[in-house]
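J.: Take a look at the letters that make up each chain.
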Amino acid sequence: MAKPKVAVLMGGRSLEREVSLKSGHRVSEALKTKGYPIVQIDVNENLVDLLKQEKPDVVYIALHGKYGEDGTVQELLEILDIPYTGPGVYSSIIGFDKAISKEIFQIASIPTAPFVSLSEGAFKEMGASGALAEVIKKIGLPLIVKPARQGSALGIKYVKERQELAEALLGALSYDKKVLVEKYILGKEIAVSILEEDGEPKALPIVEIVTEKDFFDFEAMYSMGETKYFVPARLSEAETKTIQELAVKVHKTLLCRDVSRIDMILSEKDGPMVLELNTGPGMTETSLLPMAAAAAGIDYGDLVERLIGMALRRRG
Amino acid sequence: MAPEIRLDKWKDLYSTRAQALKSSVIRDLFIVASRPDIISFAGGMPDTRSLPMDLIAEATRRVLEREGAAALQYGSSDGHLGLRERIVSLMKNDGMTVDVDEIIITDGGQQALDFLGKILINPGDDIIVEGPSYVGAIQAFSSYQANFLSVPLDDDGIQIEPLERLLGDLKKGGKRPKFLYLVPAFHNPAGVTLSLERRKRIVELASDHSLLVIEDNPYGQLRFDGNPIATMKSMDDSIVYMSTFSKIFSPGVRLGWIAAPRPILEKLNFAKQAANLCSSSFSQRVVEEYFNTCPWQKYLKIQTDLYKERRDVMLAALEEFFPPEARWTRPMGGLFLWVTLPSYMNTSEMLAESIDQAKVAYVPGEAFFTDGSGKNSMRLNFSYPHRDSIREGIARLGKLIESQMKFYETFTKKLHIDDDKNR
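Chains as they are written, first to last, in this note's numbering: chain A, 1 to 316; chain B, 1001 to 1423.
Pulled out of the complex, with its shape left as it was, chain A reads as follows:
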């Protein structure tokens, strides 16, 4: 039987274009090796026409960042009635917005670092800069400032001294109109990938990330050699179980499906604290999801094929 035709969406004009191209090429290679007919699409304003012309059976979304992970492309594919990999519209919208997901974490009693979110409008229209002293009082130092809707650690700032806050906010606001001010949690950086099996979310082995820097920034994330990983993470069995269960809970709470990656900090004092859920985890050489899958005995090609398979089962 002929294998279904896969359109791999990649690139686009998000700030994470390069990472997305890397993910997309890697995914395409894997699918080719498995014998799938594929078409690679560097997403631009002709996407809909191209999809209508190519008529793929399924779309692999290798896009990162704005429009690719935030529900935009997912909504479009729903309209066109083409099955696609990964979580749906709702989870994508919520997962991409760290402020909204953290609000939901709090409601669902999922541990997450104390935070406030501020929009550009709050500063421009309502004089929010007058409230910076209160922000510091509420969150405490050191703290982290990050754009609410931006992946790949772009625009994330570490603030040690109170006078650094304004610049950090301005920097983060260049990436998104809404930013998050979050308490800095000292601890182990861990990432838990969820891969569904027969519709049941299963946590893959936990990846522990060790950097020489204060926190995991964009540069360390994409330059090889800066960062070390331990898979599975150096944790006790009990810790591993608690954390994996927590990750599954996050995945379910945001109504995710197929796959997701939950990033956490394991604080010695407070236990695991959830940073965010990624609905479009990276698939590059150095990405965490393929690394975790490999530790579970699932090689890259099989991982991609499973994601495609889950999407295809949703077809009418």
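FYI, nobody ran anything at the bench for these hints, they're computed from the structure.
In this text the structure is predicted, and so the values were computed from the model without any measurement.
Hints should not be assumed to be uniformly reliable.
Simulated pairs of lysine-lysine, BS3-like, Cα-Cα distance not exceeding 30 Å [unchecked claim]:
(1) A:Lys183 x B:Lys1375
(2) B:Lys1308 x B:Lys1092
(3) B:Lys1092 x B:Lys1118
(4) B:Lys1267 x B:Lys1308
(5) B:Lys1406 x A:Lys137
(6) A:Lys66 x B:Lys1375
Given chain A, put chain B in place with the hints provided.
T.: Chain B only, in chain A's frame:
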């Protein structure tokens, strides 16, 4: 014990030089900036679209018919004699008298910078550069682990007083800098030109302090206004002069040169042998033929007329669309101008929004400094984008800057008040 995964298992093998080389966020942003819907003032490209392709094709054919075997063979490390003779005459036109064996051909100006770094810099050696300085030079000299000392520029080029002070301080400390690196004409990134008076003074200082001066002059021929100014090399033989065919003809042929005193040239020759034996024999002969038989000055004039027009469009647009707090240089030639915004602005941070929202790219000023300064400045290229794009791009950028400024202002004002309260 859990298995440790290192993404780069060769990490421990890298030289300390290589470990210092890193990717940057800015580089990743530029990958987005290469999309056609983005107006880019970030490049540094001459407009090769206006070159006489037919004449170049004919010149290439003549080279192959006349001396094809030699053109397709290895050549000497110094470079093809005919091309060096042509360079001697080019330099003569600019008032410099050099001998043909005082010249070495390199693969563009960038290889010249790499070689000068290689033969002169030990890790930790002091070198003096302009602030801002050419980013390619910073890269080349950084890879040899130089210690950068920078001297600020103004509209007349490098400032003499701080330079004298620095040289005095170094002397007192018993230190001798390896060289002073200057781009005297239509500076990249600043667009300014070193005045005659200052050139003379630098030549004196060089002699007083036994200071080696590297005069990098890729843009000297791209003058639209005013009269040419004598090069420092024309005043003093011991200056190391370098230039390139990239801006007067084509960067694609990858040819530049260094004119240096013979002992330095000998070391450069060894560097050339080790690096790539010789520059392309084929390229060198084609360029020689083009410069010997084609009206290259006519085509250079077509290009510079184009740049002049585009510079005028950019200056007018800046006047119209940029806020009054912004300042910019008014280059009399070259490819770039330099914009300075109020000190609280950060153009590196603004770049994400500029590319994503305004769809305009520029190079943040920080890239041209080695000490983290320049955060409130940017380099704009006017030679490559078409005139309509220039106007549109500057309008969008101006709008973004204005909105960011308003935003920054409320912030900084408020914060100062807070700080005062806390004292």
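J.: Hint by hint, note whether the structure agrees.
T.: Comparing the hints with the structure gives:
1. A threshold of 30 Å between alpha carbons decides the hint, and for Lys183 of chain A with Lys1375 of chain B the separation of about 28 Å falls inside it, so the pair holds.
2. Taking the CA atoms of Lys1308 of chain B and Lys1092 of chain B, the gap is near 25 Å; set against the 30 Å cutoff, the hint holds.
3. For the hint linking Lys1092 of chain B to Lys1118 of chain B, the alpha-carbon distance of about 28 Å falls within 30 Å, and the restraint holds.
4. For the hint linking Lys1267 of chain B to Lys1308 of chain B, the alpha-carbon distance of about 39 Å lies beyond 30 Å, and the restraint is violated.
5. A distance of roughly 26 Å separates the Cα atoms of Lys1406 of chain B and Lys137 of chain A; the hinted pair therefore holds under the 30 Å criterion.
6. Taking the CA atoms of Lys66 of chain A and Lys1375 of chain B, the gap is about 27 Å. The hint holds against a cut of 30 Å.
Violated hint: 4 only; the structure is consistent with all others.
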